[in-house]
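Going line by line, the protein sequences match chains A and B. Going by this note's numbering, the first residue of the first sequence is number 1, and it counts up by one from there. Going by this note's numbering, the first residue of the second sequence is number 1001, and it counts up by one from there.
Rather than coming from a laboratory, the hints here were simulated on the basis of the structure. Please note: incorrect hints may appear among the correct ones.
Below, computed lysine-lysine pairings styled on DSBU-like, alpha-carbon distance capped at 35 angstroms [to be verified]:
#1 A:Lys34 to B:Lys1057
#2 B:Lys1065 to A:Lys72
#3 A:Lys34 to A:Lys228
#4 B:Lys1040 to B:Lys1019
#5 A:Lys72 to B:Lys1010
#6 A:Lys34 to B:Lys1040
#7 B:Lys1004 to B:Lys1057
#8 B:Lys1057 to B:Lys1010
#9 B:Lys1004 to A:Lys34
#10 B:Lys1004 to A:Lys72
#11 A:Lys157 to A:Lys133
#12 A:Lys34 to B:Lys1065
#13 B:Lys1010 to A:Lys34
#14 B:Lys1011 to B:Lys1065
#15 B:Lys1002 to B:Lys1019
#16 A:Lys72 to A:Lys34
#17 A:Lys157 to B:Lys1065
#18 A:Lys72 to B:Lys1057
#19 B:Lys1040 to B:Lys1011
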Amino acid sequence: MNIAVLQFPASNCDQDAVHAVRLLGHSARLVWHKDASLGDTDAVIVPGGFSYGDYLRCGAIARFSPVMQAVKNFADNGGLVLGVCNGFQVLTEAGLLPGALIRNRDLQFHCEFIHLKTLTASSPFTNRIPAGKTLRVPIAHGEGCYFADEETLASLKANDQILWQYCDAGGNVTDTANPNGALQNIAGICNERRNVAGLMPHPERACERILGSDDGKWILESIFAALKDQPATQAA
Amino acid sequence: MKAKIIITPKKAVLDPQGKTVQNALAQMGYTGVTGVHIGKYIEIDLAPGTDQAAAQKALNDAAHKLLSNPVIEDYRLEIE
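Next comes chain A alone, as it looks inside the complex (with noise of 0.2 angstroms):
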């Protein structure tokens, strides 16, 4: 698979991103915040960082980036896009999900591991995670407190697009396990085409045993196996 890993000014996890990819055997690229084609992509990863240095609000510039444009075109027509901490903020300030990202309930910038609940394997970004099972990767923000209106969650829910939720070692989702205050210990969702995701925390970061934790990379083997099950649905 070709995934395309976007690359904003204050972009810090895109060779990650990369890293990752062609760990788990696939090939990746990065493309930059300027260039208005994606090119040849079978999926397309928007990383974690600080795109224009959080100026304004977290993602508000770089939805206005060319490549954006792109992403959205790639997406209307059926295309994968992960975005992982930044990446997630972006696709929200795009309207690509709904919600907003605000900042932490403590205002304290959170770097730590945490473990993640998934909800449904009935996504794209979720498929491959076996069942039951917590997924430990880090977090690393000062403005990942998931918020929507009543009304937004209430649809996230019914139509099962809340895809990871905060909670403990032991797979319990309680406040304490919940580093930011977000909505319902909200971590990651997705569209309602289930196209698009984001995330907080970091898959990429947790894809070997020598960084801590290898759980992450099933959310990237999820993305490859929705590939590989459904070849060539889009073109960029």
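We have chain A; now place chain B onto it with these hints.
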């Protein structure tokens, strides 16, 4: 000419900064404070002679698309 845009968090949105400042005010002995909401203030310089109605329309558009996020924020626009 100047445009002033005041952006505040929506009431339903958690505002931990506002809460923290409210607590600090209470600790300092300022009584009667029932809420603090922290937002942003943006000042935009406009060329002299800019048509006010057109600027109003354009800046409302910009405020909606870029300067504020309608999911979490409200804004107020003033041109003077």
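Hint by hint, here is what the structure shows:
| no. | hint | result |
| --- | --- | --- |
| 1 | A:Lys34 to B:Lys1057 | holds (28 angstroms) |
| 2 | B:Lys1065 to A:Lys72 | holds (16 angstroms) |
| 3 | A:Lys34 to A:Lys228 | holds (30 angstroms) |
| 4 | B:Lys1040 to B:Lys1019 | holds (16 angstroms) |
| 5 | A:Lys72 to B:Lys1010 | holds (27 angstroms) |
| 6 | A:Lys34 to B:Lys1040 | holds (28 angstroms) |
| 7 | B:Lys1004 to B:Lys1057 | holds (14 angstroms) |
| 8 | B:Lys1057 to B:Lys1010 | holds (22 angstroms) |
| 9 | B:Lys1004 to A:Lys34 | holds (31 angstroms) |
| 10 | B:Lys1004 to A:Lys72 | holds (32 angstroms) |
| 11 | A:Lys157 to A:Lys133 | holds (21 angstroms) |
| 12 | A:Lys34 to B:Lys1065 | holds (20 angstroms) |
| 13 | B:Lys1010 to A:Lys34 | holds (33 angstroms) |
| 14 | B:Lys1011 to B:Lys1065 | holds (20 angstroms) |
| 15 | B:Lys1002 to B:Lys1019 | holds (31 angstroms) |
| 16 | A:Lys72 to A:Lys34 | holds (15 angstroms) |
| 17 | A:Lys157 to B:Lys1065 | holds (27 angstroms) |
| 18 | A:Lys72 to B:Lys1057 | holds (26 angstroms) |
| 19 | B:Lys1040 to B:Lys1011 | holds (15 angstroms) |
Hint compliance for this structure: no hint is broken.
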